[in-house]
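Residues per chain, in single letters:
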Amino acid sequence: MADASATVTGTGGVAPRRRRGGSGSLARVARFTVVRLLALFLTVVVGVYLTILIANMGGYVDELRRSTIRENVSLVVGMDPELRRLPPAERIEHMESLIAIQEERLGLNRPFLLRSFAYLGGALTLDLGRSEFLTSDSGSREVRLIILERLGPTLLLFATGQLLLFFLALLGGLVLSRRYGGWMDRLVIALAPTSAAPSWFYGIFLILIFSAVLGVMPFGGMVSSPPPPDPIDYALSLLKHLVLPVTAIVISAVFLSIYSYRTFFLIFASEDYVEMAKAKGLSSQAIERRYVLRPTLPNIVTQFAFLIITLWSGAIITETVFNWPGLGRTLYGAITVTDVPIIVATTVIYAYLLAVTVFLLDFVYAIVDPRVKLDVGGAM
Amino acid sequence: MRNVKWFLALALAFGLALGSLAVAQERMGAWVDTIVATEEPDIDRGVLQLDIGVFDVYMDGVSRPDLKRLIDANEGIDYVQAAGLYYELSFNPVGPEFPGGGLNPFAVPRIREAMNWLVDRNYVVQEVQGGLGVARWTAFNSAASDYARYIEVIRAIELEYAYDLAKAEAVISEEMEKLGATKVGGVWNYGGAPVVIKLLIRSDSQERVEIGNYVAVQLEAIGFQTEQNLRTAAEASPIWINGNPADGLFHIYTGGWITTVIPRDLGGNFAFFYTDTGLASPLWQAYVNDPEFYEVAQALDNNEFTTLAQRDEMISRALRLSLEDSVRLWLVDRLSLYPKRAEISVAGDLFAGLPGTPFWALTIRRGDDIGGRIDIAQPSMLTNPWNPINGSNWIFDQSLIRATQDYGVIADPYTGLNRPHRIERADVVVRDDLPVGSTYDWVTLTTAPEIAVPADAWADWDAAEQRWITVGEKYPEGVTALRKSTVYYPADMYGSVAWHDGSPISAADFVLGMILTFDRGNEGSFIYDAAAAPSLRSFLSSFRGVKITSVDPLVIETYSDLYQLDAEQSITAWFPTYAFGPGPWHKLAIGILGESEEAFAFSSAKSDVLEVEQISYIAGPTIATLDRYLAQATASGFVPYAEAMAPYLADGEVAARYANLAAWKARQGHYWVGSGVFYLERAFPTESVVQLNRNPNYPDPADRWASFGVARVAEVEVDGPARVTIGDTATFEVSVSFADEAYPSVDIDQVKYLVFDGTGSLATSGDATLVAEGLYEFDLDASVTGALAVGSNRLEVAVSSKVVALPAFDSLEFVTVR
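Just so you know, the protein sequences line up as chains A and B, in that order. Taking this note's numbering, the leading residue of the first sequence gets 1181, the next gets one more, and so forth. Taking this note's numbering, the leading residue of the second sequence gets 7, the next gets one more, and so forth.
Same shape as in the complex, but just chain B (with noise of 0.2 Å):
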């Protein structure tokens, strides 16, 4: 009997089991049923009702050491990690006398190369930042590809440029005293008056009053006098970046800048931070190089190189000289923490955090469970008007338009490199003098001496006619294009992809994408807006044709002069999801059919020139209004575009998908229809509430997207013997891990070790062995021991991974002994 019950009890456990698993497998699309966003400005606030449980998320970084602590210090409470903020110290070159007066050491590369002594970053890390940051010493972020790739180089340069006050005042103090500068009571005098740095502190930022101080502090001990100006990013703006640095209103100005999605090429660095092509500002125009530093910045800028190898030369070049130039003194990359509940699983962009990738509701669960609800709260919401053509940009806005959206392609959380979403692969030709590679399988890379875009292709869009101009009307001589996208959509698109309101995608949702990329920015067109003109002259200068070659499935070629080293990048995956929304075309069309008669527009500096409301989609008094323009294209039969978009329409689309429109609206009570994992439920803007649901009919099943769960950060550990004889061969192992599991090799980039000898030097390296896997070994063979000094040295390991752009580090010390 008691087996009986045992099997039986067995039995059921297994039949659950396997249920479980069942429900897992159909779960499509998002694991959750409901998110409801909240409006909460107080981070410390957010993260109190965190610890309590009124919010599962908080959507805005931390930044500040004691909510680290706190939450380090609660079990219940975890983060995820982003870096895409960092600070640096900006210079002013002019001088070394200000035409009005007065000395500015700053001119002298010597005295800025020598300001990376008197700064101690690892003070500002740890003091300033209490531990959120890390150490950055040139122009690339530390979380980025292109620092993994030159770890040798900028390694040996962050131990050369390590914090040394005596050096760097040894090198200022001769600098001075070139200048004509005499010390006077330890104080420098110039024209017998002691030397005065202004420093301009950005005072709306806690971090850069106190490294303003910290540096003020610095200079004053090496017998500068200070004065400290705290101005807002609104007073500074006018003396820093647009005031004329020669009038000698700043020797040094605390910068901050931000990247939202992670660097795949940091080449053009040089030339946008260093020399005068970087900005048309006066300080940027103020800024003279050397010859060598700029061609090679210039160079890299433009992409001068056929090789990566070539690359890797003048970037190691670059590097170095950026140190002795200096215009611009790296400080931090800044650190910021997404609370969450422990239990809630969800995918950040390794720089822009939570709210800025579409990965954070493609993944959030909570726990193993499946469906539910989850709160999430965020500083702000609903701050500006809802349109896909030029609606709100406000991060928090956006955070939750894109849950609601689909794209072609989905840069990769960890490493920024496009994966594909709504696409199936993509063909990319480049020109064969261009370096381009890839790295993923659904990308076909390959060269030609010469891309001739075909005749037919679409080059331009005829506004006043609308119709196309081919490639053979714009360039009757032919034209070619560095590179030529190829992108396969999947066979089932049409049925498996539907929008919200249950209207199936087409080939037209595309061809008005294509349309308004041109239209809108064009004179001649019956909704022309003056601020979509700019954007669509850039993009004119590098798209060379649009070739839509299969319909059903659909396939579409892109010509385009523009391409980025990874070919993934270098991909038009064209798709309607447009800057600011997803943009069915049934649903645009209303809002064209009203921009069209001036009853509202869909930008703001438009509505402010008609002096009309914005078109919000989502509530306000344009719901009214696009009610009226439903009502009039559901009547008329109204397509924007007509004759262009009819070949891609089927029969019976036009009114079906009005019809689908109307039902929606008078479901939701909004037209924020899209195709994303959730749907608009409801926007509450009085309230500051926005409640998204799943979308039941998503195709996706809801773990497709699970590797992105965390990032993969490898550990990294390295052991060897601490006592080297030189002239024999030392064997050091490193094991390379995540989650106490081997890191699988397939995954691993490089394995790259560094020998600095007893004077800081980088005496050898080179890259590990895989003897096993998550084990790499290297030997220090007899001539690199023999060339190595009695006394301490120092090894490094830095691992990079293929699935993470931040590299992993660790350290060891051995002796060298005869």
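Only chain A is shown next, with the shape it has when bound in the complex (with noise of 0.2 Å):
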């Protein structure tokens, strides 16, 4: 493997230290973030093209569009009886006219090759521009604002649920891998299958069961209508409205995440080193943190990263579900409509979340896992 990357030396558990000299370090690791950034510059630009030519379907995209404006201004046109008194080459003139305003707010009078560099320009710079269709809540074309506008809703919901998640998750997982084979342990494992259910399932049964039948819980929306003009009224009806969605995306995952953590551990705790250090006779919270936690800290860390990075597009079918402004079903909405500026801008950012995280996370390794040096052309 010749790409730039984070390498493991050694094999099967901790590798002797290389010792290099201080601007040999430097110069390395300045090496790797050059060749890492290029790389992930480029994976970002390839990326988001791709995006760009699949939203727009190569370019057939613009013909729908100029039937549908045709279609649409026809029937105005047609129906309209004002213009159908016109003479028809005057009425087809004038029909002409509309059309050529709406291809051109669209940009269909320029060639679709062109517009699709333009763009890539403007989503690699963080141009985002104006959006085509759509509008943010408060009637803005800005892109910027379409997507910060629902970024807070879909923040504090995910952010709330998934962290929730997490932590439940680890605390369980640590939890349980301590009590290997009792009643919780199997209990948890019998329960694992029902993360095959997505949050949304699990959100139309809570709806059904506390806002339709017993009547406690609203059934959707970020706050009560009309909100709450007191900001603590306003924070209470906002956290009665994350209740249930909140609890949809805990359950629909804790179960199976806590399985998973515990086998993880299970694994970690069961190596060697683990075996030596109890024969040592160090105390289970000491083994517990120097030679299971540690060992295990990059793939938690990592998931923890990607975690908060997929908080940004939030989830199409829950947000649906359950009503909430957010992300999810701005970016629903933009891919129904085809909007190419919102669909590139969402995806961009993420594309530069993704290339961040991947990057730091080499950083990150190499900091809570001895064993991880920083290095071009490696080889695991």
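These aren't lab readings, by the way, just hints derived from the structure by calculation. Hints should not be assumed to be uniformly reliable.
Unchecked claim - Covered by chain A, per the in silico footprint, the following chain B stretches (three or more residues, Cβ under 8 Å):
id	region
1	45–53
2	326–333
Stated by the list, open to error - From the derived model, a few chain A residues whose C-beta atoms are all more than 10 Å from chain B:
id	residue
3	R1211
4	P1333
5	N1479
6	I1480
As the structure is a prediction and not an experimental result, all values here were calculated from the model. Built from N, CA and C at the ideal position, the CB exists for glycine as well.
Taking the hints as your guide, dock the two standalone chains into a single complex.
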């Protein structure tokens, strides 16, 4: 593998450290950084451009749009009693001028290839531009505002849900790994398949039980209608509206996550060096902290980092079920009407977040795991 | 003592009743204090929340049979019904052979005509739509005044073209053989290959998918092979309407159309739907009609008749010829139900339902309550910026906007005829060769051999010099118009009607509206918007002049070549409510000022060109910009088009208006100022909630539109002998009622009877005579019964009302014996 990567040297345990001079290490890190950034940037460029091509169906969307504009204008003109009185030539001229205005607005008067590079250029420089159809909740066409307005609710819901899930799973996994074979362990294993159903599935049931039948929880939305003017009341209403969606998110994955972590911890707990530590008579807390948790840290950090960036895009169906005004619904709306700037903006931001995360994780691995070294062109 | 108690109790009850009555009488504006609109995209959940009382009204139409059953089974929920959407089959008329090869049977008019017998419309209504539809055979909507007017012809057509598979197969087989096709193993073959009918089916509508499937099954039953091509609206568009039909990519398209206002004149439908003058689309350009049909369709489209009797004859002919042409096969008028809590009374439009009419806000009430709050749910809201000039036209934004604005005239939700809202009365003069009639007494209709437009009327606008161009300047030789409307506004309008920020309405509000009609589409304008130019061009094609003949009270004359058959629809009722919302001049002025400096723009198209925000008066980034321009306008005393506006501004009006607007913004946090029955308390964009509060200064009593509480669709029952001796006179009775009470005869337009003999042919028809309120009678005399053969006959009665466009029917079978 000739890629720039963080390499794990040695096998099966703690590798002997290679000593190098300070300037040599710096050069190595600098070289690694440059190569890694270039590779990631190229990946982002390719990914974003592919998104542009796919979102536009390679330019076919232009044809659909032209046709839709022509259809709509024809119908508007054809059904307008004043316009129908115009002589045919004048009526067609009128129609063509309306069509030209709309085509120009959507940039259809320029070849798709040129526009695709304009989209790419804007995206890479984070000049997100203006949407083609959708507006922000408050009426702006700036993609930046469209995203920012929905980012808050998405982060609130998914950060609450996913962080709760993450820490519950981590803690639960740790606890169960200590009680391997106990009734709780068996219960969690038995319940793990419940995670086959997504959060929106549980959401529907939760709404049915707590909203429709018991009437104690709202059906959806972010706050009650109309939103309370007092900030404290608003916050309380927000909390109440968070309960069901967060519960759905947690329920949908908690058992499988606990089971995964528990298995993961168990595997590490049965390593030779853990047995050695036990034989040395170290306390179970010390063994857990030094010999189980630490080697598993890169994986946990990776999962945590990816969890954080996946919050970015929200979840289309869960947001829809709970009528939550998040980014997922915005993205779905954008895909439905092929609002390319919004699709591209969401993708490019995700791509940048992913690239930055991957880049930083290489350093984090090196910090938290002594076996990992930063290098270019290493081998695994 | 006991009597005293009784007396006291009675006195108390009487006092309370009087008190309630007094409160009811004093109630001005809306019945309720607050409307809270919340977004609920899922109609199932919307209905569920109606059931448990979270919502009171769901503003979107339900067309699913399962939901209809759910609503019917629930005593707590009922609905308002509308029928503005209709489905058809569009045939590709190219051929009979496509240039690229392949047979197109639908190039043959007789095969298209025979498709009427092949398709069972009642099956579509019952099985596809679960009863939520009305079978339809002609270009006329079943809930339109023209349908009722020509019921005699239409019912005969409906019977003639009723489902008859054997007849369809016979006619189609005959024509297929003429084309050179042969049946091999029960399958039509042409040129050695099976004839495959390509159905282009809209996949984004489950009903249209099922309709497509059904038609395919019927075609296969008579020996065709079919290919079903499911496409979304965007994907189908390049094929059916913009593609070349000669490419042969489809034979049949499952079409759907929507009408959002009750049509008063459907005469133009023949030219629009059947001939090449309908649309510039390649499909329409491929239509080749029988010359007689083409001629009558064009004549109807151009109103080339001078009497209604002439029109009747032309339409009767066009209706029959359209079935023989059948490039379009009408299937059903779909019914939509707008669910609501049973205790809520609210008026909905017969075509546009609840969100499409301002009457929902003017009439909504919970039982007999006064005040309180009503919660409505809408599928989506706040999708675009709100501004009166070119803001959101999304139906569920407009439903709320309508509650905040007034009108010169409002379309009656049940007949489509205009009713006066903020105008008092109108005079209409039409050229004496035009067949215009009037229904209501608020319009005075007269005719004249010629209508000359006064030289001092305003005919156009000089945007560069910001001044009116008079008729004398534009038409030095003088100009005439086909109609003139003179609108009289109430004498107390300036004192009684106020904007929500407290500013009294003034003539300047009207004049700015007139100026903006011309200015924005004019290249010389300082706020020129290319997107407004086409509309201006079409407006000018019929507009001849406008003249304010009196400022106080306000009287405005408008001259135009545009007229309709109803005088009520031939009125230009100027009022400062624009296409997308209410527009007091000072609210618009700050937008105009900002747009002139390219800080933002009213239209989406211009905002894209300038790469600035589109103005929103309710929320978002343009609110801060509007703040800035309000301050600037206040400081400078800015009046747009100052010279033209000056004569219509009162002393101190400019400063007072801006002060009122600033105070309103400080109080409400937005600039949405209207004069409607509700004002916008606040919009919560991210939460998708809008709160409307009752306008306490609204000048109309709450019960002004009480008669629109429900659509008074007549209930008809025909009764008479089941056995009639040939040659004898038989008398039949028709009772017409509504809610178990006799239908007032003054509201009845006609009670028509039709007798169809055993062969289904129309034997006779006529009008029943009023014998008592709600009771009509007619005789089939000896000459009529004498002409009937022995056997079964069908008597149909159609009742059309003046207050509801939807006709009512009943029928009776009777036997003729010797």
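Of the hints given before, which are not true for this structure?
2, 4
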